[in-house]
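For the record, the sequence lines run as chains A and B.
So that you can map any letter, position 145 of the first sequence is 145 in the working numbering, and since no number is skipped, the others follow by simple counting.
So that you can map any letter, position 134 of the second sequence is 134 in the working numbering, and since no number is skipped, the others follow by simple counting.
Calculated directly from the structure, the hints in this document are not laboratory data.
Possibly wrong hints are sitting among the right ones.
When chains are identical, the list treats them as one kind, so a pair holds in a single copy or across two.
Stated by the list, open to error - SDA-like cross-link-like pairs, simulated, lysine to any residue; straight-line CA separation at most 25 Å:
1. Lys-25 to Pro-153
2. Lys-88 to Gln-196
3. Lys-171 to Gly-249
4. Lys-111 to Asp-211
Protein chains: 2
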Amino acid sequence: MSERIYTAGLVVIGDEILSGRTHDKNIAQVASWLQVQGIRLAEVRVVPDVIERIVEAVNALREANDYVFTTGGIGPTHDDITVDAVAKALGVPVIVHPKARAILETYYADKGGLTDARLRMARVPEGAELIANRMSGAPGIRIANVHLMAGVPHITAGMLDALTGTLKGGKPLISETVGCWTPESEVADILRQVEQAHASCQIGSYPFFRDGRVGANFVVRSTDEGELKSCVDSLCDGLASAGFEFTPGGI
Amino acid sequence: MSERIYTAGLVVIGDEILSGRTHDKNIAQVASWLQVQGIRLAEVRVVPDVIERIVEAVNALREANDYVFTTGGIGPTHDDITVDAVAKALGVPVIVHPKARAILETYYADKGGLTDARLRMARVPEGAELIANRMSGAPGIRIANVHLMAGVPHITAGMLDALTGTLKGGKPLISETVGCWTPESEVADILRQVEQAHASCQIGSYPFFRDGRVGANFVVRSTDEGELKSCVDSLCDGLASAGFEFTPGGI
Chain A
1 MSERIYTAGL VVIGDEILSG RTHDKNIAQV ASWLQVQGIR LAEVRVVPDV IERIVEAVNA
61 LREANDYVFT TGGIGPTHDD ITVDAVAKAL GVPVIVHPKA RAILETYYAD KGGLTDARLR
121 MARVPEGAEL IANRMSGAPG IRIANVHLMA GVPHITAGML DALTGTLKGG KPLISETVGC
181 WTPESEVADI LRQVEQAHAS CQIGSYPFFR DGRVGANFVV RSTDEGELKS CVDSLCDGLA
241 SAGFEFTPGG I
Chain B
1 MSERIYTAGL VVIGDEILSG RTHDKNIAQV ASWLQVQGIR LAEVRVVPDV IERIVEAVNA
61 LREANDYVFT TGGIGPTHDD ITVDAVAKAL GVPVIVHPKA RAILETYYAD KGGLTDARLR
121 MARVPEGAEL IANRMSGAPG IRIANVHLMA GVPHITAGML DALTGTLKGG KPLISETVGC
181 WTPESEVADI LRQVEQAHAS CQIGSYPFFR DGRVGANFVV RSTDEGELKS CVDSLCDGLA
241 SAGFEFTPGG I
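Full structure from sequences and hints, please.
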């Protein structure tokens, strides 16, 4: 009985990420949110503010996944070209969305009115719906399986919140962590054996160096709570039998 | 006189990034390092611990760029499959590198010796050279234009340090920032006009919300110092003429 797995791709748009100037926070936030929706983030592409590069990434990821999300490039300035790129990717024209225009008119009523630049934020690929943005005026945009969100992380967070529960997903992937103050190379055999014995679980090993000591966290993932528990138990038994001390919940 | 632009692609390998569990730090660190080498980061792909997905990303990015970097998946555990994936992408077998083996034998001499799991870290695609790792035993790997680096950020940093100055690059992209405590929508026209008047410069606009106020930083980028200065001067003049206060250096 194999379960349908829902996947998503994320396109992070912005020269500021590729230059190293801005540290991306959206990958982790979108990834964590998707987990709760029962959707697996299958790939992320970070691309520059160049129409053709955005079109290419959006098309590759929307064909390979159930959903695509984009972050960045939906503001009022000349470098905000995500709407144009997604419209091109989908082969539809760009129009001004009447409701987006109304939202912006209200939002900017006491802030100098709706200038041409601000009106850019009402532009959408034809056929799109809006994603509510409680943080600032400009809405996010949803068209087909593509979701266009802001680049500023707390605005993105608000848009994700507005989308919560609206996307069809599978069973969420759940995880449990076990930590060890030991080099992962010493427990590599145990990890491999335990994973092989539990086909529906994956074990990731994440080494770290902290306070001058070496350790690793082992993250067991599954969509099945019972299988997850059984795998974690086997892992703890294996570590204990071999004489390793471990910390349930991770270090 | 158009200058050769050198580009790189980065493949970030790891389920832990795609699950949202780990916040990636390597994109920003590799991006910043590349800037100094005169190499532009053209695309990043984050892919799961699945051989075929790594192969696909490495092949796509090595064909489109002068250099490719990978982070993650070169440790001793069963989920460390980057070496196998890159070997497959390049169509070469995986071998044990004699020097890598010797390094690991020395490193683990007083730590329980070179187990099978640890020996995994001496495996390289045939024809590869090593990248020094002063932080821990296992070296990075360089083959053709592909550079395999650690996932743990401070080990990656050490490997980048070892590579500094060894890659051919162009003129580094330099940048200057001007900040304004004003919504970017109010200065969008000025930004567009100034950018259009300075063909060799790009201006990125990065809005923020801080201390309850709205502002934006405008980052002007160019490989030419004179053009950069001229563009920044025009931008400041434009902002001043329109009555906006601005902060050279950014906010």
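Do the hints match the structure? See the list:
no. : hint               : in the structure
1   : Lys-25 to Pro-153  : both (6 Å within a copy, 16 Å between copies)
2   : Lys-88 to Gln-196  : between (45 Å within a copy, 23 Å between copies)
3   : Lys-171 to Gly-249 : within (22 Å within a copy, 48 Å between copies)
4   : Lys-111 to Asp-211 : between (51 Å within a copy, 19 Å between copies)
Hint violations for this structure: none, all hints satisfied.
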